[in-house]
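Asks: The listed protein sequences derive, respectively, from chains A and B.
At position 168 of the first sequence the residue is numbered 166 (my numbering), and the sequence of numbers has no breaks.
Add 4 to the 1-based position in the second sequence for my numbering, that's all there is to it.
To be clear, the hints were calculated from the coordinates, so they are not data collected in a lab.
Warning: the hint list may mix true and false statements.
Stated by the list, open to error - Derived CB-CB ranges, DEER-like:
(1) Asn42/B with Glu96/A: 19 to 29 Å
(2) Asp82/B with Gln270/A: 27 to 37 Å
(3) Ser234/A with Tyr69/B: 55 to 65 Å
(4) Ala310/A with Asp82/B: 41 to 51 Å
Stated by the list, open to error - Partial pick of chain A residues on the chain B-facing surface, computed with a CB cut under 8 Å:
(5) Gln109
(6) Val274
(7) Arg275
(8) Phe277
(9) Glu285
What the hints assert, rightly or not - From the derived model, a few chain A residues whose C-beta atoms are all more than 10 Å from chain B:
(10) Arg15
(11) Glu42
(12) Asp94
(13) Gly132
(14) Gly140
(15) Cys142
(16) Thr223
(17) Thr241
(18) Arg251
(19) Glu253
(20) Phe255
(21) Arg266
(22) Ile267
(23) Gln270
(24) Ser293
(25) Ala306
Heads up, the beta-carbon is just placed ideally off N, CA and C, and yes, glycines get one too.
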Amino acid sequence: MIGSERHSYGVYGVAIRSNLRLGLPEYSHGAFAQVECVAGHEAEFAAAIRNARFDSPRGSWYQYAFLPDGSTYVRWDAVGQFLVSADGRRVVCRPDDEASDESFQVYLLGQALSFALVMQGFEPLHATAVVVNGTAVAFLGGNCFGKSTLAASFLGAGYPQLTDDMLVVQASSDRVVAYPGPPRIKLFSKVASTLTLCPAMTPHMNDGTDKRILTLEEPSSCASTVELRAIYSLVSPRDACRTTDVRLEPLSRREAFVALVKATFNRRIVGQDRMVRQFSAMATLAERVPVKTLSYPRVLDRLPDVRAAVLADLEQTSN
Amino acid sequence: MTVAFAARVSVAPDVMFRLVGEEGVLVNLATERYLGLNAVGARMWQVLSNARSIQAACVQLLTEYDVDEATLRADVEDFVEQLLAQQLIHVGSPDPSPPS
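Next comes chain A alone, as it looks inside the complex (with noise of 0.2 Å):
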């Protein structure tokens, strides 16, 4: 993964300037931000974390540090481990020995960025996006809500994948647009089989998971900056336990703000630095976006009636 020469792919909006391969389309434009991904040596790690003061609990297999000059150390086992500065413009990443080329990007371009795209001033959403007659429907939710399996139900139906897990968006005078992530998806092998999306010889997204990676191609991802249309935050899946039918219910502009404040992603980060500039993104959102809740049962054979239901929601609020 690791060579010579350099390369300058486009994820999220941001340009990424690396000498590792990753598996993103090359940059072309009109990026808003910068970030460098550069190998490093397990020597640089280790000056960087002595006698640091680390903030997860002992033995967990997710290690974070804030070190002394600002940047943070972050380590998955049997992943990885990453040092992004404190400008949030330079992130350090070593691979461990036994993780997949995919894995560690999984957690290089999810996480590890989110650290940096949040130190640089942005505030990224913790949502899964689909593209939608040229316009993308973001899934608001947090870990195992179900977003990228109800995302995986609209691929399966011909909708483009826009981003997985994490979303970028800005809001420019007329519209707020949504950024392409990474060009893959992160399944339950159960639900890409039933989606007959195809995961055999697909890796794991880590040690401890039956989560697997799916590359996609076009037409199957977005690679194109689109309008975000709607925004649905998913009811979870204690909460929908006793669901069984598929409710979509607005929220007031002040609801829609407490929920976008809510999906922010990387809780690592505090601060009031931070809390102003969520207070500001998200008050904006609400006020852009139509944001409504969607309540369903976790059930497989349902999400053709799920996808079937913010599909008609879409047509309804166009017309």
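With chain A fixed as given, assemble chain B onto it according to the hints.
Replies: Just chain B now, kept in the frame of chain A:
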């Protein structure tokens, strides 16, 4: 607690307010809490935070809502107490009258 209607409401220094549509959202950076206000609450916040006194805010709100004065004063008092409890405002002396 009794609210002095002659007093003036001022927004706490670490508090930000923003209208979203007709509703309002607030963040208190000191307590690290986000809060939401419905349309009436958002309007009360705007009027209270700009009025010379709570009494002046009541006079303004009476012109905007179909409500009797006693009910409005009770609602405003309750609202101010909630804002104080959330450390969103300070209540101090009224602004001096402008020179005539």
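Asks: Which constraints among the numbered hints does this structure fail? Numbers only, ascending.
Replies: 1, 3, 5, 7, 18, 19, 20, 23
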